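Chemist: Given chain A, work out where chain B should sit, using these hints.
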Amino acid sequence: MQIIDATLSMLDLTPPTKEQAGEFIRLFMECGILDFMVSEKLYPVIEPVLIPGASYYMEIDALSDRRKFPLIKHFLQSKTIEEDIVTIIQMNDTREILHLRNYVSSKAIALRGMDDFMCFEFDIALKEIFSIIDKKKIFFIPENSNDCATAEAVMFMQAGGKKVVTTFAGVGNKAATEQVILALRLNQHYKVNQDLSKLPNLKQLYELITRDKIPGKMPIIGESIFWVESGIHVDGILKKSSNYETFPPELVGQVRKIVIGKHSGLCSIKIKLEEFGYSEFEKEKCLLILRNVKLESSKLGRNISDDELQSIIEGCL
Amino acid sequence: MKIKKKIVDSTLRDGEQCPGVVFRPEDKIRLGLLLDELGVYEIEAGCVDIHSDDLQYLDKLMGQRKNALISLWCRMRQEDMEEACLLQPDLIHVGVPVSYVQIYSKLNKNKVWVQREIKSCLEIANNYGIPVTVGLEDATRADIGFILTLVRQLYSMGVKTVRVADTVGTLTPDRGFDIVKQIHSAVKELNIEIHEHNDLGMAVANSIIMAKAGGSMIDCTLLGIGERVGNCNLYDFVRATETIFDLGIDKKKIKEVEQELINILKSGVD
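Sequence order for the protein chains is A and B.
Mapped onto this note's numbering, the consecutive letters of the first sequence carry residue numbers 1 to 317.
Mapped onto this note's numbering, the consecutive letters of the second sequence carry residue numbers 318 to 587.
All the pointers check out, no bait thrown in.
Derived coverage of chain A by chain B (criterion: at least 3 residues anywhere in the stretch with Cβ under 8 Å from a Cβ of chain B; other residues may be distant):
1. 115 to 126
2. 154 to 161
3. 217 to 224
4. 236 to 245
5. 258 to 264
Derived from the structure by calculation, the hints contain no laboratory data.
Since this is a predicted model, take the numbers as computed values, not measurements.
Think of the CB as a built atom: it goes at the ideal place given N, C-alpha and C, for glycine as much as any other residue.
With the rest of the complex left out, here is chain A (with noise of 0.2 Å):
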């Protein structure tokens, strides 16, 4: 299974230094990613960083400039059928399959778009696809303007599919990289020993390049994901955390938080206690605390700082 990240096919908008271009390569080797595509516009820049190790990749305009990209291992162009060109055939509508028989002669092809395809079974759609294109010749573009992207890609994988194009946080309505990766190997022991913790590395330099701050809430990515409040996660969370993790904060870099507000238990408190240093505390008292905790809460219409949270405790002794 190889996932190809096109993220720095996808900057020409704001363009990365050629550091930060070596770095976000470097950075995505370590987790495990081998295989870049790049833009034509990018490429004298970040010529110089391109790693060795790492296989790259490119869209053309012209077949006659591919001589000024000595790096690049394969290029891409839409609807071309030339040796050592992958051709990309842009897929809007299930009965556009058919048309891949025109195609079977291409060195390999590249499936771009099918954006809705989860609402028409997709699941046969990849069947007829395959009948008509060797799986192993399919470079696999899934485009997200249905937010499936993602599913599709690791849905194409699980058919037996080789090779998905993706980018990091899904950047030009892509597959996101990340989820991607995370997917596959929860579901299809896909690089299990890979270590993964540079992904909030990965995160900030890509924030740095863009200018453009990525969602708190971003699936595996996001700052806020392992925040956790409610009494009944946080008590089997605490017990073991795959009770309600799929995965530990830890995978990826990230760290766990436990937030206080309207929604937290007395397990939660407990630990508070604890973390700011007071000794053992009677069940009643903690159930007091636990109160004027969840009523502060919903009177002020958020969650509850360390601060005040110990001056509850206080009014409470």
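Modeler: Okay, now just chain B, sitting in the frame of chain A:
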């Protein structure tokens, strides 16, 4: 022809479980009424929480809504169930842990305990005459054999709807399809409700596939807010399925209600 499916909105329950999100009673009433007007089938309005007196909004919401059913989420505990019944919502949703990791490692109980406990809870609701939907918590990591035994038992006890909850958001579409298909073929008459989390970025896709497999109700939240990464985003789901499902919801109006939610969330930050 488009297939009719029903939306259950959980913004006021799972959405509020998102750390940082707290709704005051007046917020819940305002959002609840907007969701009612939007055309969602059911509004999950909150949790039964015996340590909090925070359920006064319920009467007002139920008095003023036009069509939506109002439900409360409840743990599988007899005391919580009693409490829920006293509040008299249209529906009580009770969460039943079904995976071994939840039953054995979280609760330190066993399968027989689960089966006995849910029976007692259903009896309580039955005495009050309040319908119950049952959530199969962590269904996506559970033994399908146990799930099928349980849903047959639930149906024989009068339960009409079970919710398949991907509690930790670990599901891929093909497995989601299988789980729904198997429950559907075990008890055809049961309504199946889908509850997805977006941990791997697949909540919308999973919900689509599971609805196509026979799920008739889909849980969504405004802006996709919910525990951890969040739930299936209402707008994204409606937009993605507008060519195949009739959900009775105008997607442009969702944006207006989202704006109201954004205003509420902002006002809570001091």
